[in-house]
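Colleague: Sequence:
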Amino acid sequence: MNNVIYYLAAEGGETLPLEGGNSILLPKAYDIVWSLIPFLFILFVFVKFVLPRYNKMLQEREDRIEGGLKRAEAQQAEAKAALEKYNAQLADARAEAAEIREAARERGKQIESEAKAAAEEESKRIVENGNKQLEASRAQVITELRSDIGQNSINLAEKLLGGELSNSTKQSSTIDSFLSELDTVAPAGK
Numbered sequence: 002m003n004n005v006i007y008y009l010a011a012e013g014g015e016t017l018p019l020e021g022g023n024s025i026l027l028p029k030a031y032d033i034v035w036s037l038i039p040f041l042f043i044l045f046v047f048v049k050f051v052l053p054r055y056n057k058m059l060q061e062r063e064d065r066i067e068g069g070l071k072r073a074e075a076q077q078a079e080a081k082a083a084l085e086k087y088n089a090q091l092a093d094a095r096a097e098a099a100e101i102r103e104a105a106r107e108r109g110k111q112i113e114s115e116a117k118a119a120a121e122e123e124s125k126r127i128v129e130n131g132n133k134q135l136e137a138s139r140a141q142v143i144t145e146l147r148s149d150i151g152q153n154s155i156n157l158a159e160k161l162l163g164g165e166l167s168n169s170t171k172q173s174s175t176i177d178s179f180l181s182e183l184d185t186v187a188p189a190g191k
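Start counting the sequence shown at 2; every next residue gets the next number (the working numbering).
Warning: the hint list may mix true and false statements.
Said to hold, decoys possible - Subject to a maximum C-alpha distance of 35 Å in a straight line, what follows is the list of computed DSBU-like cross-link-like pairs (lysine-lysine): (1) Lys71 with Lys49; (2) Lys71 with Lys86; (3) Lys110 with Lys125; (4) Lys29 with Lys49; (5) Lys133 with Lys110; (6) Lys71 with Lys81; (7) Lys57 with Lys71.
Keep in mind that the hints were calculated from the coordinates and are not lab data. Quantities reported herein were computed from a predicted structural model and do not represent experimental measurements.
Using the sequences and the hints, build the whole thing.
Modeller: Given below as structure tokens:
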């Protein structure tokens, strides 16, 4: 610092800056004027050209931001509407699925009842066929038994009487009378 003071003292031969007169902190009047002219020119250029462009750029940026916000809000509203539509479709699909399940249950019950009815009908048919076969077998057995019993009765009668019953009308009448006696005896035994 001492060097600066000596340098200023040697240059201008003036007094020390703090002792009155010229100061280190205050420049001379011509320096102020010549410094003020370029400053005013730069200020004019700045206000005339730079500042409007800067304001225009800020306005464009503000418009872009506001437009982006509006677009974002619009997209958010669209997304919300799409979500509501999706939820409505999902609810409709769930309701339709429930209806389909219910219809399938009803159809299953119907198929089950139809199958039961068909099984019962088939069972009745099988029982009926069995009864018919049983009746046919019974009739066949009765016929065979009658002929066997008839033949046995003729043989027995021949042995008892000692003679042959060769006449077919005699055989038939004997068999018929014997079977009629058996028919009257059989229901009483039941």
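Colleague: Work down the list of hints and note, for each, if the structure agrees.
Modeller: A quick look at each hint next to the structure:
{"no.": "1", "hint": "Lys71 with Lys49", "result": "holds (33 Å)"}
{"no.": "2", "hint": "Lys71 with Lys86", "result": "holds (22 Å)"}
{"no.": "3", "hint": "Lys110 with Lys125", "result": "holds (22 Å)"}
{"no.": "4", "hint": "Lys29 with Lys49", "result": "holds (30 Å)"}
{"no.": "5", "hint": "Lys133 with Lys110", "result": "holds (34 Å)"}
{"no.": "6", "hint": "Lys71 with Lys81", "result": "holds (15 Å)"}
{"no.": "7", "hint": "Lys57 with Lys71", "result": "holds (21 Å)"}
Hint compliance for this structure: no hint is broken.
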